[in-house]
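Student: Read top to bottom, the protein sequences are chains A and B.
Our numbering puts the first residue of the first sequence at 1, with every later residue one more than the last.
Our numbering puts the first residue of the second sequence at 365, with every later residue one more than the last.
You may find that some hints are simply not true.
Here are the simulated SDA-like cross-link-like pairs (lysine to any residue), alpha carbons at most 25 Å apart as the crow flies [unchecked claim]:
1) Lys413/B with Gly49/A
2) Lys456/B with Ala209/A
3) Lys456/B with Gly49/A
4) Lys382/B with Gly49/A
5) Lys413/B with Val364/A
6) Lys203/A with Trp595/B
7) Lys195/A with Pro454/B
8) Lys382/B with Cys202/A
9) Lys456/B with Asp196/A
In case anyone wonders, no lab produced these hints; they're calculated from the structure.
Chain by chain, the residues run as shown.
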Amino acid sequence: MPSEKMLMNGSQTVGEAAVRAGCRYYFGYPITPQNELPEYLSARMPEVGGTFIQGESEVASINMVLGASVSGARTMTSSSSPGISLKQEGISYMAGMELPAVIINMMRGGPGLGNIAPSAADYFQATRGGGHGDYRTPVLAPGGGQELVDLTFEAFDLADKYRNPVMILGDGLMGQIMEPVVFPDFIDLKDLPEKDWALRGCKGREARAIFSMILGQKGELYRHNLDLQKKYDRMTAEEQRWEIKYAEDAELIVVAYGSAARIAESAIEELKAEGINAGLFRPITLWPFPLPALRELSKKVPKLAVFELCLGQMVEDVILSVGERSEIYFHGVPGGIIPTPAQVAEFLRSTVKGDGKVGRRIEV
Amino acid sequence: MSTDIEYKKIFGWPESLKHNPTHYCPGCGHSIAHRLVAECLDEMGLREKTIGVPPVGCSVLAYNYFNFDMVEAPHGRALAVATGIKRVQPDKFVLTYQGDGDLAAIGTAETIHAANRGERISAIFINNAIYGMTGGQMAPTTLLGQNATTAPGGRDARLHGQPIDISRMLAVSNGVVFIERCALTSVKQIRKAKKAIKKSFQCQLDDLGFSLVELLSPCPTNWKVSPKDSWNWVNEEMVKTYPLGVIKDTTGYEDKK
Ligand SMILES: Cc1ncc(C[n+]2csc(CCOP(=O)(O)OP(=O)(O)O)c2C)c(N)n1
Ligand code: SF4
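Only chain A is shown next, with the shape it has when bound in the complex (with noise of 0.2 Å):
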């Protein structure tokens, strides 16, 4: 049965969420801000048969992650942003072997240690594979509330359908508001696609061999990056998730995800009342980057305003969704700082009178 309407933290939220969706196995370190679903998973995993274990390091947790995975388990890691750039190699392994797992990244700021504000600065990270190697991982990035609840039975999902790493990559105020969430029933584990693939020992069958490491004169490495790159074509074909609201008669559409886009609709209502028309585009898959959706809307309006937690990342992906085609303005904050939905709209008044005074115009 679904829960009751239920008002949780959003870490604890995606905690509750990842058990639901079957993850038994949760290995992570902690660091603020995320520290709150470490904390709930310890007390909630012995109650439904799973383990938790609070590793020594990033780096130790992720590769327990591995070894779960490799099992055939639903398994997860979460941290913030300086243990999330630890876990990079453990990541760019598993996409090497095609390991299922997701991975949380409740961002602060940095670079370095930065501080615990929420920020958006890891967008490049997330999205461009973030450890070496030609790999993908796919990103959600949740708006808060329910959609984080969804969202993490969503990675669970994709993460075994691809055997790949999946990331959920929100930040610190996401993580900490409170909000109402309803819970989907517990799944069963016995309904989901058997793992033929997992390492259980070789009974009844013959020995059997999991690894990145592929040698050979004749192109094998090759062949795989080609073969995990076809892999990455059907993600990018088939899983592109994105939002538009507001969008009729709206002179300009503002693109912001996760916590910003939660700022940015503030911002929205309180031009409204101006009588200033904006929508919104949020991307749910940062990568992939739903281009074509976004590419489409910018046909119908040509003006863009793009505002992150964060100096300009996502706004480079904007620009190969629309090119020349538009007229792109940012805005960006950096970590440390809370903008207030006041300063956006101060951003959007901006970009509708094309003055400058707040933001830049993207030359393409």
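The hints should help you fit chain B with the ligands onto chain A, whose structure is shown.
Tutor: Positioned in the frame of chain A, the structure of chain B with the ligands alone reads:
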């Protein structure tokens, strides 16, 4: 004409080893260690429930030689990967096979913490006092004065630190139930090593805790000596820094038997 002689197999190719020629150099200890691990798994009936984790090191391709399920780990992370496997499949037999760089340099944290959690895992630790795979650089276990490509003129304690005795360091943890150091360079020691490996496997089967067998192993190629001299060097020099014998044993096995 029929005969009533009964034949009993007393020696053969272990089922836990594939029939593939290895890439190890002549005189290398890895081949002997592989054989011992395989014999122990066979004799204890564990092959079909074993999941092994080879290291990044000269034995990175161990899955081409071992005939049971194996999964690669990033350099140094074998015991973290093994932890994930064992927690999901506590009824399976999980072993890591790691070099000194893997286990005692880049993977030190994973080693200490897996041991300290008392993970029910058996670790086979190949100590050859050098980085084999990458071509003879200094290892954490390189002896004082021993030459390495990154310690020209020999390891100097002031510059490079002391050779690390990770087995003794691990022994202080209550999560660890059994550690023994053997050498792969004499018949007597090889037999001892096999016994130690079996005992380590038994610790896991009996759910006692973490165990490790350290095997002093020759690397003639990167020591730049003949196989014969490499064996002598283990027996005469290496054992001074790494004395052989049981380092920790809280199993109580001997008492019972
Ligand atoms: C992150 C990372 N750093 C470095 C390497 C390069 N590397 C591969 S094996 C190795 C050392 C191997 O030495 P050891 O663990 O003693 O095993 P051996 O080859 O001697 O059996 C190194 C440094 C790597 N593969 N990954
Ligand atoms: S380099 Fe050394 S450790 Fe590696 S296979 Fe050759 S002898 Fe063995």
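Student: State for each hint whether it applies.
Tutor: Here is what the structure says about each hint:
Among the hinted pairs, Lys413/B with Gly49/A is consistent with the structure: their alpha-carbon atoms are about 23 Å apart, no more than 25 Å. At roughly 16 Å between alpha-carbon atoms, Lys456/B and Ala209/A fall within 25 Å of each other, so this suggested pair holds. For the proposed pair Lys456/B and Gly49/A, the alpha carbon gap of about 18 Å is at most 25 Å, so the pair holds. As the CA atoms of Lys382/B and Gly49/A are separated by approximately 37 Å, the hinted pair breaks the 25 Å bound.
The suggested pairing of Lys413/B with Val364/A is violated, with an alpha-carbon distance near 59 Å, which exceeds 25 Å. Between Lys203/A and Trp595/B the alpha-carbon distance is near 38 Å, which puts this suggested pair outside the 25 Å criterion. Only pairs whose Cα atoms come within 25 Å are accepted, and Lys195/A paired with Pro454/B is accepted, the gap being roughly 18 Å. This hinted pair checks out: Lys382/B and Cys202/A have alpha carbons roughly 13 Å apart, not beyond 25 Å.
Taking the CA atoms of Lys456/B and Asp196/A, the gap is about 17 Å. The hint holds against a cut of 25 Å.
Going through the hint list in order, the structure does not satisfy hints 4, 5, 6.
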